[in-house]
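Protein chains: 4
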Amino acid sequence: MAGNTCGTLFRIMTWGESHGPALGVVIDGAPSGIPFTEAHVQSWMDRRKPGSAKTSTTRKEPDKARILSGVFEGKTTGTPISIMVENRDARSHNYDEIKELYRPGHGDFTYDAKYGFRDYRGGGRASARETVGRVAAASLAAEILKSEGISVTAATIELGGIEARRRDYSLVDENPYLCPDAEAALAMDQRVASVRSEGDSLGGVVEVVATGVPAGLGEPVFDKLDADLAAALMGIGAVKGVEIGAGFAAARMRGSENNDEMGEEGFLSNHAGGILAGISNGAPLVVRVGIKPIPSISKTQKTVNRSGEPSAIQTLGRHDISAIPRVNVVCEAMVTLVLADHFLRQKAVSWRR
Amino acid sequence: MAGNTCGTLFRIMTWGESHGPALGVVIDGAPSGIPFTEAHVQSWMDRRKPGSAKTSTTRKEPDKARILSGVFEGKTTGTPISIMVENRDARSHNYDEIKELYRPGHGDFTYDAKYGFRDYRGGGRASARETVGRVAAASLAAEILKSEGISVTAATIELGGIEARRRDYSLVDENPYLCPDAEAALAMDQRVASVRSEGDSLGGVVEVVATGVPAGLGEPVFDKLDADLAAALMGIGAVKGVEIGAGFAAARMRGSENNDEMGEEGFLSNHAGGILAGISNGAPLVVRVGIKPIPSISKTQKTVNRSGEPSAIQTLGRHDISAIPRVNVVCEAMVTLVLADHFLRQKAVSWRR
Amino acid sequence: MAGNTCGTLFRIMTWGESHGPALGVVIDGAPSGIPFTEAHVQSWMDRRKPGSAKTSTTRKEPDKARILSGVFEGKTTGTPISIMVENRDARSHNYDEIKELYRPGHGDFTYDAKYGFRDYRGGGRASARETVGRVAAASLAAEILKSEGISVTAATIELGGIEARRRDYSLVDENPYLCPDAEAALAMDQRVASVRSEGDSLGGVVEVVATGVPAGLGEPVFDKLDADLAAALMGIGAVKGVEIGAGFAAARMRGSENNDEMGEEGFLSNHAGGILAGISNGAPLVVRVGIKPIPSISKTQKTVNRSGEPSAIQTLGRHDISAIPRVNVVCEAMVTLVLADHFLRQKAVSWRR
Amino acid sequence: MAGNTCGTLFRIMTWGESHGPALGVVIDGAPSGIPFTEAHVQSWMDRRKPGSAKTSTTRKEPDKARILSGVFEGKTTGTPISIMVENRDARSHNYDEIKELYRPGHGDFTYDAKYGFRDYRGGGRASARETVGRVAAASLAAEILKSEGISVTAATIELGGIEARRRDYSLVDENPYLCPDAEAALAMDQRVASVRSEGDSLGGVVEVVATGVPAGLGEPVFDKLDADLAAALMGIGAVKGVEIGAGFAAARMRGSENNDEMGEEGFLSNHAGGILAGISNGAPLVVRVGIKPIPSISKTQKTVNRSGEPSAIQTLGRHDISAIPRVNVVCEAMVTLVLADHFLRQKAVSWRR
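Protein chains in written order, with the working numbering: chain A, 733 to 1085; chain B, 733 to 1085; chain C, 733 to 1085; chain D, 733 to 1085.
Fair warning: there could be bad hints in the mix.
One copy or two, it doesn't matter: identical chains are merged, so the pair holds either way.
[To be verified] No more than 30 angstroms apart at the CA atoms, straight line, and that leaves these computed lysine-lysine pairs for DSS-like:
1) K781 / K831
2) K781 / K1079
3) K796 / K1079
4) K1031 / K807
5) K1079 / K1031
6) K831 / K1079
7) K1079 / K878
8) K831 / K807
9) K807 / K1079
10) K878 / K807
11) K796 / K878
12) K796 / K807
13) K796 / K1034
14) K1031 / K781
15) K1034 / K878
To be clear, the hints were calculated from the coordinates, so they are not data collected in a lab.
With these hints in hand, go ahead and build the complete structure from the sequences.
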């Protein structure tokens, strides 16, 4: 049933398949009067584009975003904003193989199980390309946050087992891996090259940090800020784990270590990652996601066809070695969307303060 | 704003504070005709009760659940089911200290920041006691799952750094830590005793496994099964991390390792934890949550009062050393609720199949 | 499926059957800091009580409302507010007849068709008594409106064909029919007496007027203010028609008559009933509902039993002759709930203005 | 805030302004496997097109609908279906006058009051053109209903005070007024011509009848079938009243007249209009809406400008005399959408029966 709506007040509905005519999003609930143009959307679209990173695909994706409604004279009108990106390379590919075979690690089998059949062209709705609409919507949500002094950044802190040992966020845009540690970025590059030559793929960890988040966002007990962030991030195709602040490491701490004491200047540490009892506490929001390795690999794998008969499959052509760093902007987008929604939710009930 | 509703078709709204007159839940959307009595609820309530585990509190909690509507002649009628548990020990305590001081690791500060003031008695709505309604609702959701052959179990696989090395689920109810490894349970007991003597507390990891889940549950791209599970579990007070299947470990695997190949018998491994592209794949569902150590400790900690002036605080009285094992049934409840909801969601659109 | 939730930001979930242990409501989303006590609820509960009006039932209903959560030191805390009313006369009646027979004009047949069976005691959830939760919730919504200068009044403008020819709202509380025309009230009394002696029942029209509503409430194009009001009112058991402003009479007007011209003082007429394009325009909100005659009559009527076999039925005992005036407070409650919700919805996106 | 989503399981989000680049809808929640093509959409689009009726506008609207996602090999895939209609005559008009003046009976004033400014071109989102998305979505919902034997028809039963005295639905498509009474259609034609010469406009009443609706649809107590129908219809721009079955006439009946008795063949009358206690009863669904006269008239009217200064306005150019018959397909669309949604909602909980 319906499951493509996200957000309560800043609500979006995304649509589109990998190789259909177009993809897009409708944003319902944006306040009126926010300056917003196709240039805003495009700047986010361009961040989805493969850069020089060797992890990246070589497919050309000159995604051009069009705003079809809800913006007048350069400002949002308060009515739904429809944004569309046409699929330019939606040309006829040869999908004969994946039409009948289930690719390991992909949604082919589950889409068939759920819907009875599937749009097999390039993964259809299960393709990473689905995130176009999310990113387009985030380009507007980001304008709301910016006007409130909230800033969100995603960084690669682990790739193929190489960990960033520093958090110099000024470096994130300086290397193709969006890594806050220049040295680690170099090591990642070598790891990627070596794994590429083996026809295999890599996973990693992305950390998203939001600063300037006011205390008070989050709606206990089910729409807590951490709960909504967890859903938003776990819903990204490649994500298999989400943790806030110290996360799983907190499970190995004592209370006396993990508790963030308070002083005149505020919290003296941030193991909570900016969220206490599901509500932002004014400290930086820190969320990490575990990204699984890309399932498309050129190594031969066992699988079955739609009739359940054993077969083997091998992904030909050039593919990304890792969802990172292309997934980073998607992680940033989802955190941005959740924060904008919760910001409005809190405004709805606190107007007298 | 409103944030106490969970689920789309099997929808619940919980209410109640730690030391108010009562707590409860209203379940809206349960199919009619399901056999359901107060005994069903009570059996789940009793699992929240401190057992012989030394981790457990010594407070008496003879929670008696009453069904106030929606059940007639022992069966659900299809109308809302209201379940209430009265707070028996809601007697006047001395809350003078926590009324003015923010306890580190608790929601005291954020509730004040959000709402302007708070019900400080025993943590109010931020208390673990809030979960009474969730568990009561799950006792009905479990009946739906049972009738479809779906079974959900939560087990402690790590406590205070002690890891279970086995997964013998038949042992879970045999030891006070709900641990599937008898040897580990003994070690946990020693760890708890030692930490108790230090006035500190412990965290751990709970794993929830669901078997019998049919392929096809989950609604891409925002209401994916893993996204909804992540929200449901991250929304539990003590949880700081959620992972599915291999989870964060997948971030360190190669694609060739992490991909679950398929054969005539189905999937040859289960790194996906039963979910592919946000849809259940028929393999066992495996979810793990990282539980932070209980913030209430008898060690003295720095804090501030409501005016921001530095102070110190120490939690007196007897307290749990860990949210585990009392949180386990809550984790199980949340997974149960999400599965029942998604089961109905899939029925809504697949009636012809 | 789930259908007992109303409102987006000021959201309520009601529960309870006519002859179950209790009925109630949970309010999720009320702003914190609103003064609210059981006395507020009780004052609305008492308006549901049969007064001296001869239309009223003679059953005693000393409904006592209890607030079980969400209020602390006399103010709302921002957490869910649970309000319960116990059914005092839920004693064992003799329902043998209506257990098997479908009462004409009642929901007996449709509840069986939908749910497979039903709680036949006193109509179960289809009883007018279901509205207890709505009215309890409105007692809080009314406090929000009051603090913003918004006032809502329901008046009987037609009963059994007798029309009020005046709209002197100061008279509404002066006569048992809540009629703004004293002369009409007397005629209504005679009509009621005569119909009572025939064992029949009457319908009528209730008008709800809200003053002080600011311009700008309503969310096009589906959650327009008039759309939400129509749903809220049509969802009351006895209502068969809803109209705004001139309503159906507008269908017979010319554009030049129906259009409300504007001048320096605002609108020069109010055929729109305070709503233009689904958004409040600052003029008084005027809504009317058509109330069908009470289906329980002592005249004998043809019906069938659960097996479809023809039979006859006659409602014994004393019954109301009309849902009016008891339904009036329910109409007022629903308008109050919708306005409070839309007031918060508009706050959520207009905080900068 | 967000208000452009309609439906729970068959959920749509519409977007687009009268003179923006395009309008459209995203349908989220349609079951997979339904045969659906652009021809289905187009057949409904064409019904919006002005026919030979003299009431109709002379503007050309060759609306071409494109399906951009969610359909593969001629069948729905279960993923969101995006449908877009480009605005061909979105050329630069002269809007200088309505940019500053509030047209009586239009949403100009309320849009400014709500959003601070507005897209004044042709009414923006408040234009009747907004309904393109609703009708496009209904073309798919209708396929679901058709496969279940449910049929929906809208007929003009009153226009400018001329009432249809017959209900011969076979005539509806035989005359330009979609009137089930050929004689009345002729009188309507004369009335329209005379009012057109006066530069004025007309309202009327549209009746929507649905046959084949199974008993059991509707979700008490807030999402009752009549409540959802009322919202769906009242949310259409020109609608000021909604009634079910006998509607307001029931307010003047005795219970003994209004109650629908039952016999072996089912209900012996249909004053309830197919709905009892908010649930369909298997009898034909009968809903009527009161349509206000079109506000754009060439007679001069008093108004104010954006600064509140008195002025006068007159709508030049050729305009429709009445929203009827163009609004009829919109009424039919909304009833179709509500029925498809409730059909799925009932399936979700009744799969065992």
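> Is it within a copy, between copies, both, or neither that the alpha carbon of K796 lies no farther than 30 angstroms from that of K807?
Replying inline: both (20 angstroms within a copy, 28 angstroms between copies)
>> I want to check one pair: K807 and K1079. Are their C-alpha atoms no more than 30 angstroms apart within a copy, between two copies, both, or neither?
In response: For K807 and K1079, both the intra-copy (21 angstroms) and inter-copy (19 angstroms) Cα distances are at most 30 angstroms.
>> As a check of your reading, is K1031 near K781 (CA-CA no more than 30 angstroms) within one copy, between copies, both or neither?
In response: within (26 angstroms within a copy, 52 angstroms between copies)
> Within a copy, between copies, both or neither: where do K781 and K831 come within 30 angstroms Cα-Cα?
Replying inline: So K781 and K831 pass the 30 angstroms test inside one copy only (27 angstroms; across, 41 angstroms).
> Can you tell me if K1079 and K878 fall within 30 angstroms by alpha carbon in one copy, between copies, both or neither?
Replying inline: both (16 angstroms within a copy, 20 angstroms between copies)
> Which holds for K1079 with K1031 at a C-alpha limit of 30 angstroms: within a copy, between copies, both or neither?
Replying inline: neither (52 angstroms within a copy, 38 angstroms between copies)
> Which holds for K796 with K1079 at a C-alpha limit of 30 angstroms: within a copy, between copies, both or neither?
Replying inline: neither (34 angstroms within a copy, 35 angstroms between copies)
>> Reference check for the pair K878 and K807, CA-CA at most 30 angstroms: within, between, both, or neither?
In response: Answer is within; shortest intra-copy Cα gap is 15 angstroms, inter-copy 34 angstroms.
> When no copy is named, should K796 and K878 be tagged within, between, both, or neither for a Cα gap of at most 30 angstroms?
Replying inline: within (24 angstroms within a copy, 39 angstroms between copies)
>> For K1031 and K807, with the copy left unspecified, which applies at a CA distance of at most 30 angstroms: within, between, both, or neither?
In response: Neither: 50 angstroms inside a chain and 34 angstroms across chains, both beyond 30 angstroms.
>> Within, between, both or neither: how does the pair K831, K807 come out at a Cα-Cα threshold of 30 angstroms?
In response: between (44 angstroms within a copy, 16 angstroms between copies)
>> Within, between, both or neither: how does the pair K1034, K878 come out at a Cα-Cα threshold of 30 angstroms?
In response: Answer is neither; intra-copy 48 angstroms and inter-copy 34 angstroms both fail.
Hint compliance for this structure: hints 2, 3, 4, 5, 13, 15 are broken, all remaining hints hold.
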